[in-house]
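Residue-level listing of the chains:
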Amino acid sequence: MNRPPAIELQDLRCGYRGRVVLDVPRLEISPGEFTAVIGPNGSGKTTLARVISGVIPPYSGVARVNGRDISRLSPRARARALAVVNQSVEALDMPLEDYVLMGRHPHRPPYRFFETAAEISLARENIRLTGLLPGNTPLDRLSGGERQMAAIARALTQQTGILLLDEPTAHLDIAHQVKILDLARRLNRERGVTIVLIIHDLNLASEYADRLVLLDRGALLVSGAPFEVLTPSLVESVYHTPVTVLPSPFSGRPFIFPAPGDSALHPPASTVPVSRWQRKP
Amino acid sequence: MNRQRVAWTIVLPSLLLLLLASIAAGLCVGEVCFTPLEAARLFTSPGEDAVTFVLLRLRLPRVLLGCAVGGALGLSGAILQGVFRNPLVEPYTLGISGGASVGVSLAIVLSLRAAWGGLTLPLAGFAGALLTVALVYGLGTRRGGARVESLLLTGVMISFISSSLVMLLMATAKSEDLHGIIFWIMGALNETDANLIRLVGVASLLSLLIACFHAPALNAMRLGAEPARQLGVNVGRHVRALFLLSSILTGACVSVAGLIGFVGLIIPRLVLRAVGNDYRALLPASFLGGAAFLVLSDIIARAIIAPLELPIGVITGITGGVIFILISRASRKERP
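Chains F and D, in that order, are what the protein sequence lines are. To convert, note that position 244 of the first sequence is 244 in my numbering; the numbers rise steadily by one, no gaps. Count along the second sequence starting at 1, add 1000, and that's the number in my numbering.
Please note that a few of the clues may not be correct.
[Said to hold, decoys possible] To give an idea of the chain D side of the interface with chain F (calculated C-beta under 8 Å), a few residues:
1. 1030
2. 1216
3. 1224
4. 1226
5. 1227
6. 1229
7. 1230
8. 1273
9. 1274
10. 1277
11. 1278
12. 1280
It should be emphasised that the hints constitute simulated quantities derived from the structure, not laboratory data. Please read all numbers here as calculations on a predicted model, not as lab measurements. In this text, a Cβ means the ideal position worked out from N, Cα and C, and glycines have one as well.
Pulled out of the complex, with its shape left as it was, chain D reads as follows (with noise of 0.2 Å):
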């Protein structure tokens, strides 16, 4: 029970101080940086001017909605490669992530927005993400059970039928409609409707909150899906459960942010060498994670060519790529 204690008193409690750190940072750091205090005075006393618009309008949602979508791809990157038994799988493994781009391109070259206005993009997002869960789910799963195998190779599958399709619409598509589709592709934290924010934002803490019931499942789950079920879980109601909660919240991520790659993939493995393979602890240990990381993530993205910014997601898959090529390679060192 060591390493659980350890997960419980030490590590998850470091990892929420790092998320409220990188919170402040994210809010302070920018083209306009405050301190602390200032940043605190305008919160409880806020102006009319420009200084208060900056740090309430346009950092405090682009920072929330960084933990949200965050914590939300950490959380569904560990509940999936609990469910598949498998560290490569992720997010975007399934497909969910081909099925809001095809959305998303097909309303970008209809010029969808034009008539439906500013959420369009969002809905049709989360339109093609629901399709594609459905359409795994239905292939994916048979009547009674849930293979893990076919739930992830149809996952595959439908996910290069997808990406083929949104290169299909980048073909034909007009050269301004190309450049809305490839911006999105890479994904940023720059939604500001405020409601489709506290949606992301409620969506993954409640996501977070039903996934810990599942938690000591999943830790059974490890032994395999025949000794699970020797320990009384119902292995299939578990895997369907966690694989529409976490594709969902991932269709609903994606089609609010973009495709923000590596963090559902790589978060999960690093928080894992912290707190251990106990879901209990790694589920919440990978929501704080991703949150922390994407916020951080985005700090860079903004400041490193400022006023300019960088698309989060190539961001990500450099920062996480390297931290986890170095970690690994130190704990190689550590046990031969």
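Next comes chain F alone, as it looks inside the complex (with noise of 0.2 Å):
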């Protein structure tokens, strides 16, 4: 028998305050896959990401993870299946350690107490893994960077097939943008985690995922290969900017340039003087 699709919307609807932002008639993301959901602001990417998470219940239709109706699971048999890393982990007093070791909360009997030397030995190791040390410094001595990759950490000794990653990379630099999506990207392939990545950014979607999700005001507009979503027509049209798309010269993916609406005032730069660039001596 085939495994169940790791999640599975049908005909989802979902919103606040009984209005409906977010209306998915089917989409199935397979075990294993890297894929991204993509869209401009207000399209429903956090909306999505909270539903599959069970954060807020739909409106009608049925979210499945691994072939199981999320509104049907307890909260922690969903917190076992899923994990999930936000945009940003408070900046508490709080061990480093301590907070990667919740990532055991929902494996945890409630009437055992302390973490086992099991448990703690996993938390150091996913420590080691997302280049941490050491596991005693409170989160609020780490770097926004470091401590999304505390967050990492944390879903990792969660021990979950499938990673939420909803906009990880938002409020970082771009060493950490790639760091934090190459440990995603090794995880996928090297631990086969179905890894659902919510990002604003057009280009590290492309980079990274498998397939593209492209929601356009609540709707899913297109799934597809990169090459097949990050068409210039289409991005125009979803994201009302003129765009030009050349591929990638590393990976030979799309690549996005922007090309902003006052841009014909500015002649590109090769024509530009060379003096105006270069300092004289």
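Using the hints, build the complex out of the two chains.
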């Protein structure tokens, strides 16, 4: 028998205070896939994440994780199937290791008060994997990027087959963006973790994901390989801004260059006199 | 894990020792002083004399009530500060004390004690507290989940309303009733009914046990409601259970001992510095710390102008506030 899809949405409608902000007739994400969900602000990306992670219930339709209806799963069972990394982790006075160990919460029976030695060594291993040391540093001494790495270590400690990354790189510099997404790719390839990445940056999405899901005003517009989704006409019609799409010189995947509205006023850089760019001795 | 090990092997045992020492001091110090040896001898072979009466009938109930009430207030404060993620919340913020005050004031003004006997005031106070808990809970929680902000806001509003009601009752009360209300509000540990003391003691120990089961969830909830939910914590259920637990416990304490302020506010903040933010250690530490603090405060209240007594709420407020300011100033120097 085939494995059920890691995530499956059917006739899903959800939103806030009675207003539907997301309406997806059908979406399937297979186990082991690296999917990126893209779309403009307000297109329903975060709502999708909140439904999949069981934080808000759908108005109608079903969301399934590993073939099981999310709204029928207990919160703990849900957290054993799917781990979430959010945009940021609050800078608390909490040792890194304690934070990473929170990933064991859904696995620990309520009568077990303390962590086992196995749990602690798992947490330490994941902290090492994300390159963060030492474990007794409080979260509020870490940088935003390090806290995101800590969040991934925590999610790994949850030992779920699915990792939902909701704008994990939104506030980070380019080095941390690459570090986090490289780690996600490694987990996907080496451990077969299903990755759902919700992200604004189209180029990062194109570079890392095998499949892109483009949302627009609460509807699923297109889903497919990066070169199928990131066409100039589609991107321009969804984002209402002119772009140029070229293949990346490294991966050959589509890479998007924004062409700002007044670009016609500025000549391309190559025609600017050299003297403006090179200071004369 | 270093900090956790320190909390369980050093801080919690030291707090327990401190509590035992304050219990011993509470039994020995007073108008009649005993040495610990004398006290121990009186315990093992109680006589029929006045000394035994002082130790076993006056001081022992008082010390035990101090442990139970102080522990309960410290515990409730720690729980509520965790639930609301707000260090300024204390057991009295949510209007429970106000409700109890209204109940007690009403009972005094209506002279119910004459009709119903000695347990009237605690019962009236507890009824008022329960009514407030039901009101805050009913208004502050919605179907499905509990938003902590609305619980907190409702509690604060109910608290204002009930304190106005108490003032109204005081304004219309006869002068001897007024005296009774004021004395109750200032709080005291002079309840002598052994069953009532046992009840409060059992309730606070039981609450400590129940609260500890919620400690891992409280730890996760420090990250915020949504991250906690993503970790499989049923946030709404924990919030509701912990709110009911701590407010009913507070109601029971307040109706027996009156409004003893400040314990629930500062003890959790103080012990936090020693044990850290892990609620598994913070809850028992707040319990032990609150119990020791209240017993010690009661010694001061009894000793400072003996044979007269100061209201214990005055002592907890002044000593607690001063200690807190000193400690937070000292730690500010450490960490610029």
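Q. Against the structure shown, which of the earlier numbered hints fail to hold, in ascending order?
A. Of the numbered hints given earlier, those the structure breaks are 1, 8 and 9, listed in rising order.
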